[in-house]
Amino acid sequence: MTQLCIPLARIAHARSGDKADWVDFGLFAWNPAGYRLIEREVTADRVQAHFAPWLAGEVEAWPMPNILALKFVLKGALQGGGARNLRLDNLGKAMAGALLRLEIAVMQEELDQALHAPRVGWWPE
Amino acid sequence: MKSLRIGAGLGFYGDNWEPVVASIERGEVNFIASDHLAELTLAILQKDRQRDPALGYARDVVPMLLRLWPLMRERGVRFVCNAGGLNPHGAARAVLAAFAAKGWQARVAVVTGDDVLPQLLDASAPPDHFAHLFNGEPAASVRERLVFANAYLGAAPIVAALNAGAEIVITGRVADAALFLGPIAHSLGWSLASREPADLNRLAQGLAVGHLLECSGQGSGGNFGSQGAWQAIPDLARIGYPIAEVYADGTAFITKAPDTGGRINFDTVRQQLLYEVHNPHAYQSPDVVLDMGGIRLQDEGQDRVRMTGARGLPPPEQLKVVAGYRDGFKAEVTWGFSWPDAWDKAQAAQATIRRLLDEKRVPHDELFVEYPGLNSAHGALAPLPDAAALNDTNEIWTRMVLRTPAKAAADGFGRLFPWLALSGPAYTCGFTGLHNTSELLGIWPTLVPRAAVEAGVQIEFLGDAA
Numbered sequence: 001m002t003q004l005c006i007p008l009a010r011i012a013h014a015r016s017g018d019k020a021d022w023v024d025f026g027l028f029a030w031n032p033a034g035y036r037l038i039e040r041e042v043t044a045d046r047v048q049a050h051f052a053p054w055l056a057g058e059v060e061a062w063p064m065p066n067i068l069a070l071k072f073v074l075k076g077a078l079q080g081g082g083a084r085n086l087r088l089d090n091l092g093k094a095m096a097g098a099l100l101r102l103e104i105a106v107m108q109e110e111l112d113q114a115l116h117a118p119r120v121g122w123w124p125e
Numbered sequence: 001m002k003s004l005r006i007g008a009g010l011g012f013y014g015d016n017w018e019p020v021v022a023s024i025e026r027g028e029v030n031f032i033a034s035d036h037l038a039e040l041t042l043a044i045l046q047k048d049r050q051r052d053p054a055l056g057y058a059r060d061v062v063p064m065l066l067r068l069w070p071l072m073r074e075r076g077v078r079f080v081c082n083a084g085g086l087n088p089h090g091a092a093r094a095v096l097a098a099f100a101a102k103g104w105q106a107r108v109a110v111v112t113g114d115d116v117l118p119q120l121l122d123a124s125a126p127p128d129h130f131a132h133l134f135n136g137e138p139a140a141s142v143r144e145r146l147v148f149a150n151a152y153l154g155a156a157p158i159v160a161a162l163n164a165g166a167e168i169v170i171t172g173r174v175a176d177a178a179l180f181l182g183p184i185a186h187s188l189g190w191s192l193a194s195r196e197p198a199d200l201n202r203l204a205q206g207l208a209v210g211h212l213l214e215c216s217g218q219g220s221g222g223n224f225g226s227q228g229a230w231q232a233i234p235d236l237a238r239i240g241y242p243i244a245e246v247y248a249d250g251t252a253f254i255t256k257a258p259d260t261g262g263r264i265n266f267d268t269v270r271q272q273l274l275y276e277v278h279n280p281h282a283y284q285s286p287d288v289v290l291d292m293g294g295i296r297l298q299d300e301g302q303d304r305v306r307m308t309g310a311r312g313l314p315p316p317e318q319l320k321v322v323a324g325y326r327d328g329f330k331a332e333v334t335w336g337f338s339w340p341d342a343w344d345k346a347q348a349a350q351a352t353i354r355r356l357l358d359e360k361r362v363p364h365d366e367l368f369v370e371y372p373g374l375n376s377a378h379g380a381l382a383p384l385p386d387a388a389a390l391n392d393t394n395e396i397w398t399r400m401v402l403r404t405p406a407k408a409a410a411d412g413f414g415r416l417f418p419w420l421a422l423s424g425p426a427y428t429c430g431f432t433g434l435h436n437t438s439e440l441l442g443i444w445p446t447l448v449p450r451a452a453v454e455a456g457v458q459i460e461f462l463g464d465a466a
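Chains as they are written, first to last, in our numbering: chain A, 1 to 125; chain B, 1 to 466.
There's no promise every hint is true.
[As the list claims (entries may be wrong)] When the alpha-carbon atoms are kept at most 30 Å apart in a straight line, the in silico DSS-like pairs for lysine-lysine are as follows:
{"#": "1", "chain 1": "A", "residue 1": "K93", "chain 2": "A", "residue 2": "K75"}
{"#": "2", "chain 1": "B", "residue 1": "K102", "chain 2": "B", "residue 2": "K407"}
{"#": "3", "chain 1": "B", "residue 1": "K47", "chain 2": "A", "residue 2": "K75"}
{"#": "4", "chain 1": "A", "residue 1": "K75", "chain 2": "B", "residue 2": "K320"}
{"#": "5", "chain 1": "A", "residue 1": "K93", "chain 2": "B", "residue 2": "K320"}
{"#": "6", "chain 1": "A", "residue 1": "K75", "chain 2": "B", "residue 2": "K360"}
{"#": "7", "chain 1": "B", "residue 1": "K47", "chain 2": "B", "residue 2": "K407"}
{"#": "8", "chain 1": "B", "residue 1": "K360", "chain 2": "B", "residue 2": "K407"}
{"#": "9", "chain 1": "B", "residue 1": "K360", "chain 2": "A", "residue 2": "K93"}
[Unchecked claim] Here are the computed distance ranges between Cβ atoms for each label pair:
{"#": "10", "chain 1": "A", "residue 1": "L88", "chain 2": "B", "residue 2": "P385", "range": "41 to 51 Å"}
{"#": "11", "chain 1": "A", "residue 1": "T43", "chain 2": "B", "residue 2": "A406", "range": "17 to 27 Å"}
{"#": "12", "chain 1": "A", "residue 1": "A117", "chain 2": "B", "residue 2": "Q458", "range": "48 to 58 Å"}
{"#": "13", "chain 1": "B", "residue 1": "G456", "chain 2": "A", "residue 2": "P7", "range": "34 to 44 Å"}
No lab work stands behind these hints: they were computed from the structure.
Keep in mind the model is a prediction, meaning the values are calculated, not measured.
Using N, Cα and C, we set each Cβ at its ideal position, and we do this for glycine too.
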């Protein structure tokens, strides 16, 4: 069995938003096989360690199996809030892209399932 | 079963109202609800009001209604918005004046009472009142710098205004989703006061609907964050904003007008469901606390998603307040260097500026630097090429931002740069930022007892029904 390291972007999609100094993320698997992987691998600690070189805030996480999603909140992420943040991305709207860079370890077979099992959502050709 | 259809208006001050035309003309909506107030918008409106006391509202509501009202009026569609900002009466007067110039009439309800700045400014309040919601810091640390403070009202005044026959409802700060829950509860006869579990669950469905619709195109395939999937969302130039069809038992369908772009499916809807939510089992609002843990989203195909299973819990005894306080100034400049040695030249120029700041003893708290095109979106998580590769790259852009308590220091920052064009490293271009001081605002989230706010909520009617 081969173990691989893949970025979350391969098997999930994400959106981020802001409230005061917190940035929140929804991370979404395309199907149940993908959800099993993100639920196992993408813990609050992993997300905190991923952002730590840039933003040192605490992370809280909630699993949402009913919609194959994980919810994360990264605290202290915006230099005190959007209206005093000096970054171009003062509201953290591009930060979900940074979450999708996070690399997780998966077995080849698990990855194949996540990539090839049908998506739950309706995506007409 | 009794039902209504409600469509999304704007998702922020400055959003596009043209997609709302399709919702009105072909979407069979009974209501449009429009959210003009992001968390920071009141900061912008505060600056407007300082310049002119007649302002302080989201001015786009006037051209928006000039475009949409004739279409709404002939179909009996009613309109609810929070464009009143810090001055709901000013917004209503501006709308009615613009209507009068066209010979139009409308019965407009104005909801006020969200302004709690006087309470926060009251230095005799107990020291633990209005403490920072996240870190517990006492309000005294920002009291003298506060510029606005508004409580998030719920749907009750919107329901009351609609019950009394308002065609247009203009509020200040209300919970974004309440703009939608109001018309839903009004149309379906739901009680906002009931604490019966079944009633709370229906309110929770209505709140979830509002949450899905409050960000306009973000609920119908816009801003779909993904690698390689967003391309399958058709025709964003003609995006249809989301529309909800809500039944008396709370069952809801999210859809959009026929023959529009965008996509409504499990994926686009759930991205919005979790957007700007913290604990998804306790999404707070003044009317009901929503637990999303049992929500089911089922694709019906053809841009239609069925939503059931929201659970409601009794609303909190306190309302959320967002206040803003003056927090110094920033000034920013951006400029580029081209190949060859672009990276080293950018570093040399930056070192020169740092030395000038030192020598001139320019007071500042922070000098923030990022490189647009390299790392401004993802900071330290953006992998950078090594220095040799960066020197060989086509161009390097530097963005430098000064944070300072002294306005004069911010005003002078841009003037430190122009001489570098002739006396600094070569092949520079694109300098901007000679004059661009702006005031920074800190956001102060806190809580206020709801009874103290609700006693001051008022609904006034202006204008006449057509």
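Here is what the structure says about each hint:
| no. | hint | in the structure |
| --- | --- | --- |
| 1 | A:K93 with A:K75 | holds, 15 Å |
| 2 | B:K102 with B:K407 | violated, 45 Å |
| 3 | B:K47 with A:K75 | holds, 28 Å |
| 4 | A:K75 with B:K320 | holds, 18 Å |
| 5 | A:K93 with B:K320 | holds, 23 Å |
| 6 | A:K75 with B:K360 | violated, 36 Å |
| 7 | B:K47 with B:K407 | holds, 16 Å |
| 8 | B:K360 with B:K407 | holds, 15 Å |
| 9 | B:K360 with A:K93 | violated, 37 Å |
| 10 | A:L88 with B:P385: 41 to 51 Å | violated, 20 Å |
| 11 | A:T43 with B:A406: 17 to 27 Å | violated, 44 Å |
| 12 | A:A117 with B:Q458: 48 to 58 Å | holds, 56 Å |
| 13 | B:G456 with A:P7: 34 to 44 Å | violated, 51 Å |
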